[in-house]
Structure formats: structure tokens, C-alpha cells
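Q: Given the coordinates of chain S, work out where chain W should sit on it, guided by the hints.
For the protein sequence lines, the chains are S and W, in the order given. First residue of the first sequence: 1, per our numbering; consecutive thereafter. First residue of the second sequence: 1001, per our numbering; consecutive thereafter.
Hints are not guaranteed to be accurate.
Said to hold, decoys possible - On the chain S side, residues computed to face chain W include the following (Cβ under 8 Å): (1) Ala148; (2) Leu152; (3) Leu169; (4) Leu172; (5) Ser180.
No wet-lab data here; the hints were simulated from the structure. C-beta atoms are modelled at their ideal positions from N, C-alpha and C, and glycine is treated no differently.
Here is what each chain is made of, one letter per residue.
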Amino acid sequence: MYGENDMNHDSTPDAVGGVATSTSRTIGVLAIVTMTWVVVSGLFFTPADANQGDAVRIMYVHVPTAWIAYLAFIVTGVASLTWLLKKTPSLVLDRVAGASAEVGVLFMAMTLVSGSLWGRLTWGTYWVWDPRLTTTAFLFVTYVGYLAVRGLGGSPQQRAQRSAIIASLAVLEIPLVHFSVVMWRSLHQSASILRPDGDVKMDGLMLFTLFSGVFAFTFTFIWLVMHRQRLLMMRDIVIEKGLEVAIRERQIERSGFDK
Amino acid sequence: MKSKSTLRVARIVAAKDLRIEMHSRVVTNQVVPFAALVMVMFAFALDDDSMLERVAGGLVWLATLFSLFIIIQRSFAIETADGALDSLRVAGVDPAGLFLGKAAALVIQLLILESTLIGGAIVLYRVQVQPTSLVLLVTCMLLATLGLSFVGTIFGGLVAGVRGRETLLPLLLLPAIAPVLIGATKATEAAFGISGMVSSEGWPWVGLLAVFAAVFGVGGLSAFGPLIEE
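Next comes chain S alone, as it looks inside the complex (with noise of 0.2 Å):
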């Protein structure tokens, strides 16, 4: 049922050049400069808020690193479902959902740190029971969960097969979660402070850098998703190469029983 050899194809990568292509190779160093990039401006060149004062500088990692997050998940979700539907899906597909998990996880821990440390300075809070808040931290934790599913072990079949139904079943869960949190919010007074996306003035090389950011995420982001998937596929032939193995050592053990 489903296509066990795909391991053994073209995107081996080969023993002595690591996990490493010339197109992860181009991505990494565009990441590296874009992020270079990133720092110098948001901490240098770009000017601090009128209102927020230098709190504003943590825009140009938050919003990004939200925004990938989301990102990851929907790849996540799609190679999922993908998975599910396809009659002899690749296991890359499975590799793939679960490194762009990994990564989504990572950068929503940093999207929650950069946005909890950014309300205490404006806010004079760290947390609000805001709905878009609590759907993305309910988002952290189911994705944690279904990293946890991951590592269940069994054969990389397996792993696919019920990480697969685990993130489809996000997909159902998400939006309830969200649906009932706002439903949850609205019978309360709605907050009466500075909306996250409200009246931030921006300047242009503000907006400039912010979307720098995005990039530079987004290349991070996929650098990070291709080595993992190319670390899991190693890991799922080391898994595939034990089991051989182990049956020629048993077909052995046998041959001379017989004999």
C-alpha cells in the first residue's frame, strides 16, 4: 500500500557531502545574509516607535516567525491530508509534515516568547486572553502533541500512517478551538488596549525591514525543513537497513540449522 522504496531514489543524498545540496546551500546562505540583514536594520538603521519606543523592534522577529509558523502548519497539514488521499503516497510526504512541524513549533515558541515579552512592555502584560492569542497558543501545544506522536516509534509506515490522522484531526481541531474561544471572548468586555496590529506607525524602511524578516524566515524555514527531511530519511534507512540485516542474520541462523 504504501511506496516503501522511495528511499532508495535520486534524492539520496550522498554519504560524504552530508545532508547538504547546492540548492540547500543557496537557500542557507541567502537566509544567513537576509537575517544579517534583519538585525543590523531592526537594531540599528530603523527607527524606535513614538509610542512603543524601542519595543517596536521586536515586530521584526514576531510577526515573521508567526507568519512561518502558520505556514509550517498549513505544509504540515497539507502533506498530511495529502498523505491520507494518495494510494501509494511517499514517505517523503510524511517527512516533510514532520520536519515543517518541528520547525513550526520552534518558531511559534518564538512567536509567543518575542509576543509575551513585547505586551509586558507595551500592554504592561504579558499575556491576554485574547482569541487570536489562545488559538495560537492551543496551536503550540497541538502540535507539540502530535510531535510526541512522531516519537512513538514503530516503522516509518506506521509513524506516517497515524501522524498523518493526527494532523488532520488538527485541522478539525483548530478552527473549533478558535470558533469556541471567540465565542468564549465576546461575552466578556473586549480589550480595551492597543490592538497588536493597531496604530503602529511605520515608516518605510520599517515596513522594509519587516518584510525582510518575512523573507529571511522563510529561508531559514525551508533550509531547516529540507536538512530535516533529508536527517529523517537517513534515519528512516538506518531503521529499514537494521530490520534487512537482522533477517539475513536469521536467514543465516536457519540455512545452518537446516544443513
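A: Below, chain W alone, put in the same frame as chain S:
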């Protein structure tokens, strides 16, 4: 034809689970007392009569969720103990029927638990249920229980027979059932008439519970087979 055999499997599985419970009395002798103790602990922690009355609805459902983990562990411990789940699968038992049966047995056990807890809230937290709110309360209980049972059966089946399942189950289950906690709490508060709420304010939340139960019911029927097929 298939739906008929699905229901038959569901009935047999549910009856089997309930028969095991009748003999072992784990839920009635251990889980219900545990949940009642949790209610007492809440009173110690909050230490304020008016506060207890105000949050009684939420506490009832929190105690239910804590107990849910234990009941689900128990429900699938019986299946994995002697490789029963594997035998059922090898025997070609319809997984949709298995899902419905396990969920149905959970529904009955949870309803007994919830009734006890609501009785506990009336006695310990001094809440009142008006006769006019009874329909709301019962509908809320039924739909919330259906949702909890469906999700619980899906994740229970997933972690059945896996090492470290005791710790993994709450991590997977809690985020998924958050909408039930929110919806059931609000509907129950409306039924208790807390802070001047009337029972009509509870029905939108019952709608949320219904959507939740429907989504995970359909999800479970289609996912349970592939999930336990390993």
C-alpha cells in the same frame, strides 16, 4: 447491510465493556470517588462560598475531564491487556463498529459520573437547578459527553499499547477537548442560573457542543480503522 453489522458490532462491544465494568466496578468504586474528591479539593483551593457557586459549572466539567483520562486509559487497558485489540482486528471486526461501541460504553460511564458531580455541586457548592433549566442541562450533558467520548476513543485508540501512553494521552486530549470545556461550562452555568444567566443563554453553547460531537463523530468513524491498523 454494512451499517447493520456496524451497529451490531457497536452493541456487542459496548455491552462487553459495560459488563466488564459491572464486574470490576472500577468507575463506580474508584473514578467517581476520585472525581468527588477533586470537587472537595476545589473547595479547599478556592476557599470562598460565593466564588464556588460562581465557578461551579466549570469545576464540574474540569473534574469530568480529569476523570475522563482515567476512564479512557481503563477502557483501552482492557483491549490491550491480552492483545484483545489485535485479535479484534485480525478477526476483521468492523473498526467503525468498534469505535461506536467503545464510545457508547464511555458515554454511559461518563453520564453516571457527571450526574454524581452535578449532584455534588448542588450539595457542596449550593447551586440550584430550576425545573425549567433541566432540558438545557440534560441536553448539554448528552452532547458534551458524546463529544468527549468520540475524541477520547480516537486518542485512546491511538495511544493504546504504546509506551508512555499515560502521559501522552492528556497532552493530546486536553487541547482537543477545550471547546467542550468552554461550551459545557457556559451551558451549565446558564442552567444553574449563575450571575443572573437565564437558560436561553445556554443554547448557543449547546450548539457548539453539537457541532463538536458531529465533527469528531464523523472524524472518528473514518479515522479509527486506519488508526488502529498497525
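Q: Look at each hint and say if it fits the structure.
A: Each hint, compared with the structure:
1. Checking Ala148(S) against chain W: minimum C-beta separation of about 6 Å stays under 8 Å; hint holds.
2. Taken as an interface hint, Leu152(S) checks out: its beta carbon lies about 5 Å from the nearest beta carbon of chain W, inside 8 Å.
3. Interface hint at Leu169(S): satisfied, since its Cβ lies 6 Å from the closest Cβ of chain W, which is below the 8 Å cut-off.
4. Look at Leu172(S): its Cβ gets to within about 6 Å of chain W, closer than 8 Å, so that hint holds up.
5. Annotation: interface hint on Ser180(S) holds; nearest CB of chain W at approximately 4 Å, less than 8 Å.
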